[in-house]
Amino acid sequence: MSNPVSDEITRSTAAELAERIHRREVSAVEVTQAHLDRIAGVDPEINAFLHVDGTGALAAAEAVDAALASGEAPASPLAGVPLALKDILTTKGVPTTCGSRMLEGWLPPYDATVTRRLREAGVVVLGKTNMDEFAMGSSTENSAYGVTRNPWDRDRIPGGSGGGSSASLAAFEAPLAIGTDTGGSIRQPGAVTGTVGVKPTYGGVSRYGLVAFSSSLDQAGPCARTVLDAALLHEVIGGHDPLDSTSIDAPVPPVVAAARQGASGDLTGVRVGVVTQFAGEGYQPGVLRSFDAAVQLLAELGAEIVEVSCPHFDYAMGAYYLIAPSECSSNLARFDAMRYGLRVGDDGARLSAEEVMSLTREAGFGPEVKRRIMIGTHALSSGYYDAYYGQAQKVRTLIARDFAAAYEKVDVLVSPTTPTTAFRIGERVDDPLAMYLADLCTIPANLAGNAAMSVPSGLSDEDGLPVGLQVMAPAQADDRMYRVSAAFEVARDAAQGGPLIHRVPDLAVTA
Amino acid sequence: MSALVDLMDYDDVLATYDPVLGLEVHVELSTNTKMFCGCPTDFGGEPNTQVCPTCLGLPGALPVVNGKAVESAIRIGLALNCQIAEWCRFARKNYFYPDQPKNFQTSQYDEPIAFDGYLDVVLEDGETFRVDIERAHMEEDTGKSLHVGGATGRIHGAAHSLLDYNRAGVPLIEIVTKPIVGAGERAPEVARAYVSALRDLLRALDVSDVRMDQGSLRCDANVSLMPKGGDTFGTRTETKNVNSLRSVERAVRFEMSRQGAVLSGGGSIVQETRHFDESSGSTSAGRRKETSEDYRYFPEPDLVPVAPSREWVEELRGTLPELPWERRRRIQQEWDLSDAEMRDLLNAGAVDLIAATVEAGASSAEARSWWVSYLLQQANLRGEELAALPITPVQVARVIELVTTGTLTNKLARQAVDGVLAGEGEPDEVVAARGLKVVSDESALRTAVEAALAANPDVAEKIRGGKVQAAGAIVGAVMKATKGQADAKRVRELVIEAVSA
Ligand SMILES: [Zn+2]
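First to last, the sequence lines map onto chains A and H.
At position 67 of the first sequence the residue is numbered 67 (full-length UniProt numbering), and the sequence of numbers has no breaks.
At position 457 of the second sequence the residue is numbered 457 (full-length UniProt numbering), and the sequence of numbers has no breaks.
In short, the hints are calculated from the structure, not lab data.
Just so it is clear, the structure is predicted and the values come from calculations on it, not from any experiment.
All C-beta atoms in this analysis are idealised placements derived from N, C-alpha and C, irrespective of residue type, glycine included.
Keep in mind that the hints are not guaranteed to be accurate.
[To be verified] Across the chosen pairs, the derived CB separations fall in these ranges:
| id | chain 1 | residue 1 | chain 2 | residue 2 | range |
| --- | --- | --- | --- | --- | --- |
| 1 | A | P109 | H | E86 | 35 to 41 Å |
| 2 | A | G383 | H | A285 | 24 to 30 Å |
| 3 | H | G184 | A | P109 | 33 to 39 Å |
| 4 | A | A349 | H | D277 | 46 to 52 Å |
Kindly generate the complete structure, drawing on both the sequences and the hints.
Printed below as a string of structure tokens:
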């Protein structure tokens, strides 16, 4: 049973909703309730949410309405707008599972900095979204709580690890979401669900309270249905945090201004580099055709198109699958049943602490997490360290140099976000290497710590599924990619006859 | 238990082997907050009341380096004559143990903040032994486990264990020596003197409580033997739980004898951690590890490198206090002492006391004389350390002042000191209460002299006759009459005066 008023609310952009809430044309409570209703109606089909915090969300919305009613200025440009939070960021007193049995029932005693900034900005947190366990995966099939379905085709994956966040946007359950991106976990889900996903420059958004998978790669970022919405959210969550030593102590790049500038549709003088390494075998022809059309559109907007070779990108996947597992093997050591989370085998007498640790980790972690812990443990072992972890760090340096050389010639780099459109649920679960390929194009930016985002380029002409255009920028030049993506978004919608996201099939709403 | 251990006679060990030592000292810094979070570091709080997401290793929490701890580390490095790294990182030392909240310790591995230094250690006979320092690095302490229900208080055999994370994350500096060779028979003494000198140094730097009994200074002693005259080190053992200076010396000596017995019996030393037992003075093997521990060190990705600017390092060098050995050199010069005299003061533990007494206004000669003669005797009688006597340098200085101004004679001064030691209060209070003041009323003295001469006319006659020595008897009589509270010298003058009049 669809309700025209609440449909109209849930299909709005965050910027539109914020404007109407701040003008008091609609209350934050109404907007929140409309989204909670939508979640109740469609999420049984999608499974984007692991936990919906209706009470907390309505209370936050009421507080925004009360502040506005008393004449206060909105706490931020997004005050009153609902958001879906990936279940890897801690929320005080609200479950945070990371998609794992290991943390089932854990109630964090503290808010992540991102969570705190959202609350302070008056953003309404609807709940926590599904994900591959501890952010390891590209499909959400590694979640201990069931797969999330892609609203474009419910037999297909919504990407991963942040598939819950991207699916919630495409299913109009939330206008904004937060993801985290270690090798592509924001951008690849964005690409396969026709939504915008941004991995800010490493250090641009605090990691405090982001449950670590790979500390040197993890980066939280905004997810939305439009580039401007992503930019608005980026400015809310970004900026220096004294609690994160790796946080950059500099102002957030002016991404909102850049998105607005880009929306004027002029890219004259902008040099766009096409990475030649990201094409050929393994790429779905429909994806490449969509990409080529996108590049053509950028040229029509006045951008200067240059081919750029980044030869060491070919080694990015290998380096990533040594560095990320190495760090994860250490980061996930803390899950030992001693202080919080799952505890298995503690019969009070018979088993030692060591045995309880072992049984708990055996029961609490899924196969992909165990695989990566074992790879990482091996890669860091004495005698193997130099050949694996050490060598991977050298590759990382070379990739950063490739980027640096490229950015001397161009302002941004572009590529397809992911080699294929959304694959079918179950298709790659028994083939980890095939699963890893989904992040082929996104990993280099993580290794270099640069900024990168995915903006929908259109639908593949083969299967009618969304394709993502990846736009990358140097560290701390996030604004450049926002400008290019916003310009592209306007031109794309003009060329394709309206917002791409509105072509998501209607979902049956359970009353 | 220790009876089962075969020990070799110490002299026999030395006849056959050269000992090699390596000392690792962990120092808890006395910063207000922990190494990577804002929790307090106070000792003795209720369990798990000084914790937060970071030091509990909660999912998502991150470390931030305590700048004060880095400052202390650099000052320690400078005082130990070390190079200070221009750029260094923290590393993760990975191992599972319940008192380690993250199951890795954030430490430094191949990039310590300070390296290549030395500490000159003065032995009991005054000889100086240079101990080379390999490195000093920063790390965090673990929590504390309390194993309940076992016989040994160790995890093995315990029914259950309690964990207190108040100590988890307290800043530690680990100071590691290079192999100490050439100490020979004095190896145990060198080990003790090194830890003692290090303790004095850290105390002077005011960076740690250096309380071995509370664990704020902990020493692990690595000991090995190599054939006399050889140059290939033997297999070493690492003895932990060495909680006093005396234990350091005993543990090294015990290990030398134990290893000597094993080696000379044709056996070989197992590389292992051993546990020192205070009561028996022996070491026992810890749990034997089947495989050697692989800590899988890698650079800590949650922290940025520490890159102290040279300006800052020089600024910190300027904050170094006078170091103990510099102070000793200066004091020896200022007090004009021979090496032997200085050594006696050091051995008596009197230097600080004398210095403080001088500080309170006494001359160094008087202060020294009091502390190493009368007060040292009193300490020996009581079987106490000099510093443990219940009298302060300020009180000693006051007694000296009373003598200098003529209020007390030396004999009365000793009585005043006795009174202070007996808990009768400040020197002035003792003097008043015991009525110790010198009788300096001249007319009273003259009266006493006249009386004594009148009572002993024959002696008076002798003096008049030129036998001045005979005055002693009159002086004695006057002193007796004044209960010893007269200045004998003045009395003698008055006696001569009276006779000649
Ligand atoms: Zn803490």
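Against the structure, the hints:
1. A:P109 with H:E86: 35 to 41 Å: At 39 Å between Cβs, range holds.
2. A:G383 with H:A285: 24 to 30 Å: 27 Å, holds
3. H:G184 with A:P109: 33 to 39 Å: About 57 Å separates the Cβ atoms of H:G184 and A:P109, which means 33 to 39 Å is violated.
4. A:A349 with H:D277: 46 to 52 Å: 29 Å, violated
Violation of the numbered hints given earlier is confined to hints 3, 4; the remaining hints are satisfied by the structure.
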